[in-house]
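Given these sequences and hints, build the entire structure.
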Amino acid sequence: MWPNLHTLAGETVCLCACVRARVRACMLSCMRLCAFARFMHLCLPSALILDSQELSLVESEVKEEKALGQNVGLRSFPSLFCETLGPGQSNNKMCSTLRKCGTYRTEGRHDHGRTKGGSPFQDNFDKRNPHYEHGGHELLPSERQENDGSVEMGDVHKDRQLRHTPYNIERSRKLVKWHSEDQIYTTTWRNRKLPERKMMEDTRDGKTRAWFKVTIPYGGKYDKAWLMNSIQSHCSVPFTPLDFHYFQNRAHFFVQGAGTASALKDVNYTICDDQNRKICIFVNQSTAPYSVKNKLKPSQMQLLKLTMDKRYDVSKQALDLQSLRFDPDLTGHDIDIILNRRNCMAATLKVIESNFPELLSLNLCNNKLYQLDGLSDITEKAPKVKILNLSRNELKSVWELGKVKGLKLEELWLEGNPLCSTFSDESAYVSAIQNCFPKLLRLDGRELAPAMNVDTDSSELMKPCKESCNGSETLKHTVLQFLQQYYSIYDSGDRRGLLGAYHEEACFSMTIPFNPEDSAPKSLRQYFEDSRNIKTLKDPYLREELLKHTKHDIVDFLSTLPKTQHDLSSILVDMWYQTKWMLCFSVNGVFKEVEGQSQGSVLAFTRTFIVTPGSSSSLCIVNDELFVRDASPQETQSTFSIPVSTPSSSSELSLSQERQEMVQAFSAQSGMKLEWSQKCLQDNEWNYTRAGQIFTVLQTKGKIPAEAFKQIP
Amino acid sequence: MRKFRSNWSQGDRERYQERSDSYRERAGTSYLSRERWTHQEVVTSPLPKPVATSSLMASSVDFKTYVDQACRAAEEFVNIYYETMDKRRRALTRLYLDKATLIWNGNVVSGLDALNNFFDALPSSEFQVNMLDCQPVHEQATQSQTTVLVVTSGTVKFDGNKQHYFNQNFLLTAQSTPNNTVWKIASDCFRFQDWAST
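Each protein sequence line maps, in turn, to chains W and A.
Be aware that the first sequence starts at 1, since it is given in my numbering, and climbs by one per residue.
Be aware that the second sequence starts at 1, since it is given in my numbering, and climbs by one per residue.
Check before you lean on any hint, since a few could be wrong.
Simulated crosslink set (BS3-like; lysine-lysine; CA at most 25 angstroms straight-line) [to be verified]: (1) W/K305 with W/K293; (2) W/K535 with A/K64; (3) W/K408 with W/K381; (4) W/K563 with W/K535; (5) W/K538 with A/K99; (6) W/K476 with A/K99; (7) A/K184 with W/K535; (8) W/K305 with W/K396; (9) W/K221 with A/K64; (10) W/K278 with A/K87; (11) W/K368 with W/K310; (12) W/K368 with W/K297; (13) W/K350 with W/K295; (14) W/K476 with W/K679; (15) W/K476 with W/K439; (16) W/K305 with W/K368; (17) A/K184 with W/K538; (18) W/K221 with W/K538; (19) A/K99 with W/K535; (20) W/K278 with A/K157; (21) A/K162 with W/K580; (22) W/K368 with W/K381; (23) A/K157 with W/K221; (24) W/K476 with W/K580; (25) W/K278 with W/K310; (26) W/K381 with W/K305; (27) W/K535 with A/K157; (28) W/K295 with W/K368; (29) W/K305 with W/K350; (30) W/K310 with W/K297; (31) W/K384 with W/K405; (32) W/K580 with A/K99.
The set of hints was computed from the structure by calculation and includes no laboratory data.
Right, dumping it as structure tokens:
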């Protein structure tokens, strides 16, 4: 390539000055010298022709090109120039062509949003994913030689056509100018080019249609099957995607044919993902995908098939492709099956599809697999695979496994891959794999406990609801004790005793879940006026009013609320924040109104307390928020079901300190709830040992009801 | 159509500058990744400095300010939180402090990593908040770290599950900078109202 340029440059004596200037301008605007080189290659021959010289030189250069069909293209190109441009106009037209070409080339640069897919040159050269095509084995420049300007030649014309689609024209103002200027050229080219193009196409061996690379930014976050199905359904033209792979969270695949490409372009921004974001799809010209370019020859395929037949175990429906590259049948022949390469993997999968569609077990151990893009087709070709061995490869992350997620694997081997060491511990590793393959039974030879979430039904994916685990036992006891004391005073009829529980500057507010506009149910009507719901209440004065500030205000207000009876045995406490200076917990429970208008109605409440350690190991409330609602029928039933004979918590206050401690100790030892322990001790006249004996006897006889015991968290 | 920038008035120029500044501010983000930069934090105006005073009158004025500020922060926060939870779940953990804890129906989730995993695993949600209440937390409990207690209630429907009524409490703490205050969740407690029957 480079020698060509130099020889041409040396011989362009006749290059006119303005062309040179334009060329320089183009050079500056084209960031890539190689692109420029090809561009020069394009234009220079025509420049030469323009001055009606060296046609033979061009032809000789052309003969050196490797790809077929180029000759025809090039020949028509210069002849075109000869015919359409008279000598007088030559310079101007050339300049405008160059300018146009310059604009064309720089389009990709100025188009901010599309730096990724701006120009085919860029795409093919620098952003190429080495892993996709080579697996890190080969050098890139070898590829580079194949993608010379000659292919682009024919494609330039097609690219023009594509650029005339309305979608593209809207993108920048520059295009509009260019477009209008181009009118003349387009018509001319079309008229002249078409018959020659047909010839061009026919003589091209196999490559009847151009290839396009489709890019979906952020394609990595979507499920492959969903993505492809969505695109297929939105696209007016059916297509077969080839060489689907990911590169840095982008998804790519190839399609053939300009019609398909433009149909795919129309799909851009029409698909919504589940977060209501539109999916972008970019389509750019490209060379043929790797697996097509390097398609295995029929003789090679035959050899591969024979080798695979030998490695297939019919009884177990297992295919062992360990170290396939170094199989004695394959070495020495003109074949190198590097499974990491797309073409080899595609060929292997093709053989599997045709010969072993019922495959159950596949062993790909020790094949230096860096990514599983190629293997992802296995979900269609051999969907019944249940056992997959990928050990001793080079897989670096679990994301690779996600590409074969469609397989319903029961057994998986991954040891010896770099990804195994990325996990902090065994369980993290196992759960990550199980996330990918929920039905997995064996990993690396070890039996797995079936994952909780075996069903795809997401209701099981949510964590089950539990009673809160409340931190340390002492803390729990402190809090429970506090609550018992609090509610005993609260329920006693005279709430003034609560003054001692509150801080001087405590805050209290209350809400019920109803808006002022709705009519509150009868049971909540008494709470309605003082309900503070700042979602609906916007008046700042009222907002402050309804927040009771000092402890006197609070207790005065609480005294106005109806008399209640709380059911402390059924409360649930969530202790959700704890520091040295404060403790924050929420109490969920039910209470009954024992007097007033709605006597007997059962209401549910959620009360959030923020307490600080007060004097003499008691707790001091600084914030108190009460939320009251109607209790559901289940809540009403399940609570208050314990017979009234159970000693109510109010009597506990009358116990001396010593007796309280006895109750606590007894409760801890026997496992019974505090009330039941107290009852037991009371019945035995506070004789601890005797109570213990009686308890053991009763327990062995099974006479103590289950509800007496504390629920095990 | 104003084709040429020289035709723009000064106001237009300023507006253009502002707009393009906001783009440039986020250097390095392309058009495609810009969605990552949407405003995720709850930011309010700077907090009033606590006035050391002994008179009751003055302290009540301060209290009112605290209440106002708490209400404003709570309202804004709740809007952002539930919208992020529904529509931009991946960004949700940005609203939590590093050592924040979540108690979700009794399950303890502690630390940003665990929170990330938890929210990823949680099915997509549709929240409807009906009730919101807030209180400024007394400084004795928080050692002068401005904190607000937020209590919310409403309904939620997780994908694949039936609708539930829920109660949620947050402790929001303020992290002050000279220009603004950023509120983050220090602790979060969520529970279905019918948790016992699920």
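Hint check results:
Between the alpha carbons of W/K305 and W/K293 the distance comes to roughly 20 angstroms, so the proposed pair stays at or under 25 angstroms and holds. Between W/K535 and A/K64, the direct Cα distance comes to roughly 18 angstroms. Compliance with the 25 angstroms bound is thereby established for this hinted pair. For the hint pairing W/K408 with W/K381, the CA-to-CA distance comes to about 14 angstroms; that is within 25 angstroms, so the pair holds. Between W/K563 and W/K535 the alpha-carbon distance is near 28 angstroms, which puts this suggested pair outside the 25 angstroms criterion.
For the given pair, W/K538 sits about 33 angstroms from A/K99 by alpha-carbon distance, which is inconsistent with the 25 angstroms threshold. Proposed proximity of W/K476 and A/K99 is supported: the alpha carbons are some 22 angstroms apart, at most 25 angstroms. For the suggested pair A/K184 and W/K535, the alpha carbons sit about 20 angstroms apart, so the restraint of at most 25 angstroms is met. Under the criterion of a C-alpha separation no larger than 25 angstroms, the hint pairing W/K305 with W/K396 is inconsistent with the structure, at around 30 angstroms.
Between W/K221 and A/K64 the alpha-carbon distance is near 48 angstroms, which puts this suggested pair outside the 25 angstroms criterion. Taking the CA atoms of W/K278 and A/K87, the gap is near 14 angstroms; set against the 25 angstroms cutoff, the hint holds. About 22 angstroms separates the Cα atoms of W/K368 and W/K310, which keeps this hinted pair within 25 angstroms; it holds. At roughly 23 angstroms between alpha-carbon atoms, W/K368 and W/K297 fall within 25 angstroms of each other, so this suggested pair holds.
Distance check on the hinted pair: W/K350 and W/K295 sit about 12 angstroms apart at the alpha-carbon level, within 25 angstroms; holds. Using a Cα cut-off of 25 angstroms, the hinted pair W/K476 and W/K679 holds, with the two alpha carbons roughly 21 angstroms apart. Using a Cα cut-off of 25 angstroms, the hinted pair W/K476 and W/K439 is violated, with the two alpha carbons roughly 40 angstroms apart. Between W/K305 and W/K368 the CA atoms are separated by roughly 21 angstroms; this keeps the pair inside 25 angstroms, and the hint holds.
With a C-alpha separation of about 24 angstroms, the suggested pair A/K184 and W/K538 falls inside the 25 angstroms cut-off, and the hint holds. Between the alpha carbons of W/K221 and W/K538 the distance comes to roughly 42 angstroms, so the proposed pair goes past 25 angstroms and is violated. For the proposed pair A/K99 and W/K535, the alpha carbon gap of about 29 angstroms is over 25 angstroms, so the pair is violated. Between the alpha carbons of W/K278 and A/K157 the distance comes to roughly 24 angstroms, so the proposed pair stays at or under 25 angstroms and holds.
Distance restraint check for A/K162 and W/K580: the Cα-Cα separation of roughly 40 angstroms exceeds the 25 angstroms cut-off, and the hinted pair is therefore not satisfied. Of the supplied pair hints, the one linking W/K368 and W/K381 holds, its CA atoms being roughly 22 angstroms apart against a limit of 25 angstroms. Restraint check for A/K157 and W/K221: satisfied, since their Cα atoms lie roughly 24 angstroms apart, inside the 25 angstroms limit. Of the supplied pair hints, the one linking W/K476 and W/K580 holds, its CA atoms being roughly 16 angstroms apart against a limit of 25 angstroms.
A threshold of 25 angstroms between alpha carbons decides the hint, and for W/K278 with W/K310 the separation of about 49 angstroms lies outside it, so the pair is violated. Taken as a hint, the W/K381 and W/K305 pair is honoured in the structure, with Cα atoms around 16 angstroms apart against an allowance of 25 angstroms. Taking the CA atoms of W/K535 and A/K157, the gap is about 20 angstroms. The hint holds against a cut of 25 angstroms. The straight-line distance between the Cα atoms of W/K295 and W/K368 is roughly 20 angstroms, inside the 25 angstroms bound, and the hint therefore holds.
Between W/K305 and W/K350 the CA atoms are separated by roughly 10 angstroms; this keeps the pair inside 25 angstroms, and the hint holds. Our distance criterion of 25 angstroms between C-alpha atoms is met by W/K310 and W/K297, whose separation comes to about 20 angstroms. With a C-alpha separation of about 13 angstroms, the suggested pair W/K384 and W/K405 falls inside the 25 angstroms cut-off, and the hint holds. For the suggested pair W/K580 and A/K99, the alpha carbons sit about 15 angstroms apart, so the restraint of at most 25 angstroms is met.
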